[in-house]
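> Put together the whole structure using the sequences plus the hints.
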Amino acid sequence: SQTIHQWPATLVQPVGSPLSLECTVEGTSNPNLYWYRQAAGRGLQLLFYSVGIGQISSEVPQNLSASRPQDRQFILSSKKLLLSDSGFYLCALIPTNTEAFFGQGTRLTVV
Amino acid sequence: AQSVTQLGSHVSVSEGALVLLRCNYSSSVPPYLFWYVQYPNQGLQLLLKYTTGATLVKGINGFEAEFKKSETSFHLTKPSAHMSDAAEYFCAVTKGGGSYIPTFGRGTSLIVHP
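Those protein sequences? They're chains B and H, same order as listed.
Under the working numbering, think of the first position of the first sequence as 1259, with each following residue one higher.
Under the working numbering, think of the first position of the second sequence as 7, with each following residue one higher.
Among the clues, some could well be false.
[Claimed, not checked] Reference excerpt, derived from the structure (chain H facing chain B, CB under 10 angstroms, subset only):
(1) Gly22
(2) Tyr38
(3) Gln44
(4) Gln48
(5) Pro108
(6) Gly111
Keep in mind that the hints were calculated from the coordinates and are not lab data.
Every value quoted in this text rests on a predicted model; they were computed, and no experiment measured them.
All C-beta atoms, glycine included, are put in the ideal place defined by N, C-alpha and C.
Have a look at this one:
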C-alpha cells in the first residue's frame, strides 16, 4: 500500500530565511502529488500539484515554489519566508478517481 | 465548476448524542463525494466515500453518510458520539470520470462534551 512521508513535523523559521519541505511517496509510481496549506478556520488551500517529474502547476501566486525532481519526491520551497507563510502544510497523493492520501503534515511557524 | 459548503464551522454535542455534520455540494456532472477526519497536528484520513451505487455509505468509526442527489447533500451522521470523535471533519467533491482534483469544504470542528 502507498505511504507518504513528510518532514519535518514542526519547523520554526525567522522571517527572510529559506524553506524546504520534503514529501516522498512509497508503494506507487507516477503519483499525482499535491501541496496544501491549512490555516486555522480556512480549510485546505491547494498550492501546487504535479502529475510527473518536472511538471508543476501553481494554483495561487505566492512566495512559495514547488519542484518534482524525482517520480516520488515533491518539494515545497521558499527563498525568503514571510510571516504570512505560517501554517500547516500537507502533502497529498491523489490517484485518479479515488480518495486522497495525506502525509502527517508540517507545522511551520515564521517568527 | 464544483464547490462544497459545510454548514457550521463548529458543532457541539454531548457524549452519546447524535452527530450530524452537514455538507452540500455543487457539481455539473455526477460527483464523487468524500468525508475526511483530521485529528490535531495530523493529516486527513478518509472516513467514507460515495462514487456510484448505494447512496447510503458506511465508513469507519461508526460514521455513515447518505448521498441525496435531489438535495445535493452528503451529510455525515453517527448515532452516538464518543469523546474520541472530537476532530475536524472535511467534506470533499471530485467529478467522476477523470477529474482528480478535489474541492474541499472549509471543515467543521466537532466538539464532544462529557
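> Look at each hint and say if it fits the structure.
Quick rundown of the hints versus the structure:
{"no.": "1", "hint": "Gly22", "in the structure": "violated, 28 angstroms"}
{"no.": "2", "hint": "Tyr38", "in the structure": "holds, 7 angstroms"}
{"no.": "3", "hint": "Gln44", "in the structure": "holds, 8 angstroms"}
{"no.": "4", "hint": "Gln48", "in the structure": "holds, 6 angstroms"}
{"no.": "5", "hint": "Pro108", "in the structure": "holds, 6 angstroms"}
{"no.": "6", "hint": "Gly111", "in the structure": "holds, 6 angstroms"}
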